[in-house]
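Novice: Protein chains in written order, with our numbering: chain A, -13 to 358; chain B, 9 to 176.
Quick caveat, the hints were computed from the structure, so don't treat them as lab data.
Each residue gets a CB set at the ideal place from its N, CA and C atoms; glycine is no exception.
Incorrect hints may have been included.
Unchecked claim - If you want the ones that stay clear, here's a sample from chain B, every Cβ over 12 Å from chain A, calculated:
no. : residue
1   : M9
2   : A11
3   : G12
4   : E81
5   : D88
6   : D89
7   : A94
8   : P98
9   : S101
10  : R141
11  : I146
12  : P174
Stated by the list, open to error - Heads up, simulated SDA-like pairs for lysine to any residue below, C-alpha to C-alpha not over 25 Å straight-line:
no. : chain 1 : residue 1 : chain 2 : residue 2
13  : B       : K21       : A       : I43
14  : A       : K340      : B       : M111
15  : B       : K52       : A       : L30
16  : A       : K150      : A       : A308
As a plain string of letters, each chain reads:
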Amino acid sequence: MSRRRDDGTGAPAVRASSAVLPWLGVFAVCLVLWALRHLLAPVLLAALLAYLLNPLIVISQGAAIRRDLAVNALFAVLLGGLVTLALAVGPSAKAQLAELFRDLPKLEGQIDRMASVAHRESMRSFPLLARVFPTAREGESLTRQLLGGGEGGGVGAILLPLGKIALFAVLTPFFAFFFLRDSRRLQNGLMNLLPPRHVETSVSLWCEVDGIVGRYLRGVALDAVAVAVLSSLALWAVGIPYPLVLGLLTGAANVVPFLGPLLGFAASSLVAVTQGLGLEGVGRVALVYVVLKLVDDMILQPLTIGRSVHQHPVLVIVSILAGEQLLGVLGMFIAVPFVTMVKETIRILLERRKRGRPEAVQELEGVPQYLC
Amino acid sequence: MKAGFARWFSWAKDQELSRRVEILSQSPVFVGLPSAFLGRLSAKLFEKSYEAGDEVFHEGEPGRGLFVVWEGEVHLVAGDDAAVLATLGPGSSFGELALLDEMPRSATARVVARSRLLILYRSDFEALVEADRALTLIVMRNLLRMLSAYVRRTNLQLAELRAAVPAP
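Next up, chain B with everything else stripped away, as it sits in the complex (with noise of 0.2 Å):
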């Protein structure tokens, strides 16, 4: 009888959103959140094919929404000299930060080969997040922790850059 259900749930299952559900739970911003809520997500991710040589968003332009890359590379350049700051593949994430708000990109997402790109805009994710208090705490609590890793690594940063120049 189980046996039978288990077959029957791998036919009925949706592989690609399955897949999804995989990629989204490996990302920093979901960590901890039920599958459920996550295959309600990945029915609300948007998908979109780019070209290499095709910007997914500029520095400075305001950000809306969260991007997965599903197949394919990008790349995020920052600054006059474009220089790269991040190499992403499959089921790495860019754009976090726009789910908390709708300030300019602090970098250009280029594609540098051909790639599959998921999209989740911040009102549909804000919709699901609402509906639930718990989900919304650990979302939260995500956020804090990536950006809270970030602070400490631009604190380091910032602490060898002052040894390395000399007090005047």
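Chain A extracted, bound-state conformation (with noise of 0.2 Å):
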């Protein structure tokens, strides 16, 4: 039997059974990812932050610190910095948040009241929208339902998203610190794992994509934070409540592209109508918003992100409705950042394919004869 294989006829078949075998782990390997995709989201949360931190850390070795000593100083000033952050700010943010969940039921009868006639009357005008969304069910709140948190109710679906964000305050940092502390062995490690002849090429990509894509990461984080402390700095000189929660909001959703400011601005709107500001409120809040928009695009992009990576509008929108459907708000927010990085590599990849493989001897036409 194995004689037959052995000459001729079975070595096609063993080459094309190790030609699928990496596919098939690769597949495999996709498979489990998806299976345990809710289990991602601190990884590839925490993997985010730790590579945000690592040129921290690099700065450190300059001095030929150990690298876990230089990550525990880090997460040490990093914890210190929260904890002043929030005995600075934190009787204000607390009791703003305690305000906003004291009037949560009166403020979510006030939307489900706007919402229901918005609702049934472009229900009325336009009844092919009855096919999106859903038709208020009897003695249940429509926002809730719109929400998608129609089951449960009351304090219980305040506290189960709230669970869920305790749990990843905690499990976020705990894997940074160990992707941010291992990540040399890692890289070793990953390394050792490549062909010698692929060597030089991969990582010399790897190099160039790191370089744009984490300029461009650390950009946006820095963008976020500044957007964060003007918006909250904005609301409140104009009087909107709560500017210090509806500031951290903003400066999170705006690391969503086109999405994140109009979510801004939506629920700052929404706070602004509920509190019995009307549209005066809403005015107000709108001057901010494009003020801020403008301050954004024309000042903090500039000198943050810069314009090292620019994505086409459509491109960013098609790949955070994907990243929507695929992983949730999480996947809103890595969308971008992981379509810029796929979209350089390829960049470089085509580059490098039209330069071609370099010919000396045209390059050094221009060299003299003789050097003494």
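Using the hints, put the two chains back together into the complex; each one sits in its own frame.
Specialist: Structure representation (structure tokens):
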């Protein structure tokens, strides 16, 4: 049996199976990742956080300080910073959050009434929309139904996401700590898996992509912080309630291009309307967000992100929607960085292919015949 | 107080990183660079183990990075007869020209004994050097000195060859 395989007829089968096996492996890994996609979220966030913090560790290594010590020190400083921040703005944020939670049932009722009117009118004018949006079930909050929280309700509906957030808040820094501490070991392990002939090309590609995407991600993070601070101040200045909470939400949402600023505006407008500020309040919010968008586009983004990475708006929107479908809210956040990484990798590979293999003789035409 | 700080610093010091800095400082490309810069550069180095017989790169392929021998032995060979141009041991570096351009490698690097190599890619090196003009000057001066020495040696060899071959 084995003899027949060896004498020619079996060789293509063996070759085919050895070519298929790696792809089967990749498929199996994808299946496992898909099955564990809900656990992936904190791991991906932690990897992103570790990636953003790594340049600080590299600076400490300039003094030849042990990596584990540098990572411990960085996390201690970050923790200290968070505690200080919590002490400084904590009481105000806590008061705003407590007030928000106290007013939630009232806010929900007001939003529900407005949404019901808009929903009824829309369904009457455009019956096709009924296929997209559900019809309000009797005795159930339309807001919760639209937001997907129709089954639960009351305190449980609020505490469940809070529990998830708390789990994220604990797991993400935990994983990030180990990613950051062991990244060199991980990198060396991956390097040793690469066949020698692919080392130079693969790692030079990684270095180039890392340079571009790293600058972009750090820029986005800085931009989000700046937008959070500016929007909090601006909302407070125009007298919108809960400016700190809304500012933080605006900063975080700003990471998602196009849709993020709209989300911040929508949340602030809702708060303005439900707190009795009426159309004038919405006008103030609109003014804040228009000015903020201009400042972000014309001053902040050129300073933080720059023009190194530019994505077509259609590609951005499609990637955000695809990210939301695959990984929910986290998918919306990581869609653009992921697409940026893939796009830059393809661009660099295509550029190299176009450039082709350098010809030494052509390049050396201008060299003098003799140097002394 | 001073002794205590020194004791703490020797405990907190990354021994492997310090050895990397020491080796880099001996390379002609990095002579004269401050150790803080070499420390940051060391953190950017990739590390890979090679078996005897592995080719690190092949003659004619575009060069993209500098290699430093951390452990083991590497031969630089060229031509159809694979003549050995140089034998490199721990602390030696090769592929320096790739830090300047992406021209084809002029030789093949072959591992002759199980080795560990450190790899520095041009984009990482450029990013660090471009941040400081003074460092750029030092590195460029080092590279020019190396090239100048290489040109002088080639001129001597050329003169010897001309002397050996009778004029037509």
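Novice: Check the hint pairing K52 (chain B) with L30 (chain A) against an upper bound of 25 Å on the C-alpha distance.
Specialist: Answer holds: K52 (chain B) to L30 (chain A) is near 23 Å, not above 25 Å.
Novice: Check the non-interface label on A94 (chain B): least C-beta distance to chain A beyond 12 Å or not.
Specialist: Consistent with the label, A94 (chain B) stays out of reach of chain A, its closest Cβ about 19 Å off (over 12 Å).
Novice: So if I understand the rule, the pair passes when the alpha-carbon distance is 25 Å or less; does K150 (chain A) with A308 (chain A) pass?
Specialist: holds (23 Å)
Novice: Can we trust that E81 (chain B) is non-interface, i.e. its beta-carbon lies farther than 12 Å from all of chain A?
Specialist: Per Cβ check, E81 (chain B) is outside 12 Å of chain A; nearest 15 Å; holds.
Novice: Regarding the assertion that S101 (chain B) does not contact chain A, is the least Cβ-Cβ distance greater than 12 Å?
Specialist: holds (15 Å)
Novice: Run the C-beta distances from A11 (chain B) to all of chain A and say if the shortest one exceeds 12 Å.
Specialist: holds (19 Å)
Novice: Would the non-interface assignment of P98 (chain B) survive a Cβ cutoff of 12 Å against chain A?
Specialist: holds (18 Å)
Novice: Is the Cβ of I146 (chain B) farther than 12 Å from every Cβ of chain A?
Specialist: holds (16 Å)
Novice: Please check whether the beta-carbon of P174 (chain B) is more than 12 Å away from every beta-carbon in chain A.
Specialist: Non-interface label stands for P174 (chain B): nearest chain A Cβ at 21 Å, farther than 12 Å.
Novice: When you check the alpha-carbon spacing of K21 (chain B) and I43 (chain A), does it fall within 25 Å?
Specialist: holds (14 Å)
Novice: Quick one: work out the minimum CB distance from D88 (chain B) to chain A and report holds if it exceeds 12 Å, violated otherwise.
Specialist: holds (17 Å)
Novice: Against the 25 Å threshold, does the CA-CA distance of K340 (chain A) and M111 (chain B) hold or violate the hint?
Specialist: holds (15 Å)
Checked against the numbered hints above, the structure violates none of them.
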